[in-house]
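If you read the protein sequences in the order shown, they are chains A and B. Counting in this note's numbering, the first sequence runs from 40 upward without gaps. Counting in this note's numbering, the second sequence runs from 7 upward without gaps.
None of these hints come from the bench; they were simulated from the model. Treat the hints with care, as some may be off.
What the hints assert, rightly or not - To give an idea of the chain A side of the interface with chain B (calculated C-beta under 10 angstroms), a few residues:
(1) Pro230
(2) Thr232
(3) Arg245
To be verified - Simulated restraints, written as ranges between beta carbons of each label pair:
(4) Ala37/B with Asn120/A: 56 to 66 angstroms
(5) Gly76/A with Leu8/B: 22 to 32 angstroms
(6) Phe77/A with Glu27/B: 10 to 20 angstroms
(7) Lys56/B with Arg275/A: 37 to 47 angstroms
Small disclaimer: the values here were computed from a predicted structure and weren't measured. Cβ coordinates follow ideal geometry from the N, Cα and C atoms, glycine included.
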Amino acid sequence: MQIIQPHYHAIARTAQDYERMAMSGVVAVAEPAFWAGFDRKYPETFIDYFRQISEFEPTRAAQYGIRHFSWVAVNPKEAENLSLTREVLETFPEFFAKPTVLGVGETGLHKSTPNECAALEAHVEIAMRHGQLVLIHTPHLSDKARGTRRVLEVLAGMNVDRERIWIDHVEEHTIKPCLDAGYWVGFTLYPVTQCSPKRAVDMLERYGTDRILVNSSADWGPSDPFTLQECILEFRRRGHSLQEAIEVFHNNPCRFLGQNPKFDIRPLRVEPAGEPAFAD
Amino acid sequence: MLTPRQTVEHSFLEARHMLLEIAALLDRHDAAVERMAGAVADSSGEVAAKLAVLREGLAVLAAERCDGARTVKLLDVFARV
């Protein structure tokens, strides 16, 4: 089965990941800009990081037959520094012109401070002005519900195309308001700290598959890129067909990311159309 | 050996994760029951007994004091199914 991994921090991973992902059917990954584990001080550091994910990393992935796309942003954990954020934002148009950059992300909130909210608004504003997609990080653990509400409040005050915005890391208590508001949502599968593969399938069964992306955790912390494949196995074990799995784990990323014409992988169909959404 | 604080800090997220998985399992069961309403019930005595044991086990966990024997009590509960 062909799989797209829509949220993958490749620079924190070894080539062994690429090799195993390729062997398990992953055909493309998309790499949002991430926190480095410490707060960067200089705009130039971000620029080199963006060069790494938009120029070098596609060549590393290509050695395993995997397409690599990326996003640019000042991660919410660093967005408290507004002057630095503004300086980095000025460089975005240069990267929007790169052949594999899909948009702005992951912006969003960490502690939901006024500075973080201002930075989120500035990120979304520049994305909309340049016709880019947006990937929004929501806080982890005890900050998630409040932070997600705040994200929705910030977006509600802006003139945005909701179908071009993906609110990530939703869980059972945050998925509904995001979907109801018309945004795409993402589940991020972590070994311990966030959504599990089984809970992700529960939410797919409860809310359907429209406007939902599933991605594994894959960064420099405790994470496991193959929670995505674990989720696919759980989905199939519950009786959902191969085509239904393709819709979630390949075609939905194509539909969202493909709103940017640089993402040219098309949805697949291996079973006749008109099959029921879910098998009994 | 760990201090009381270290004990909690070391395993809090893992315990949170495991409790969420149990919550999701029970929600999944409720949804399946609702989906199967009207069909022949498969909640046989065996399934009902397993659910009862799970709930009893959760009550053991919820007790504030258990003389350090929660694991033994839980294993005794699970030995019934």
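Here's how the hints hold up against the structure:
1. Pro230: 8 angstroms, holds
2. Thr232: It holds, given that the least Cβ distance between Thr232/A and chain B is near 6 angstroms, below 10 angstroms.
3. Arg245: Since chain B brings a Cβ to about 7 angstroms from Arg245/A, closer than 10 angstroms, the hint holds.
4. Ala37/B with Asn120/A: 56 to 66 angstroms: Since the Cβ atoms of Ala37/B and Asn120/A sit about 45 angstroms apart, the hinted range of 56 to 66 angstroms is violated.
5. Gly76/A with Leu8/B: 22 to 32 angstroms: Holds, since Gly76/A and Leu8/B (Cβ atoms, about 26 angstroms apart) stay within the stated range.
6. Phe77/A with Glu27/B: 10 to 20 angstroms: 33 angstroms, violated
7. Lys56/B with Arg275/A: 37 to 47 angstroms: 25 angstroms, violated
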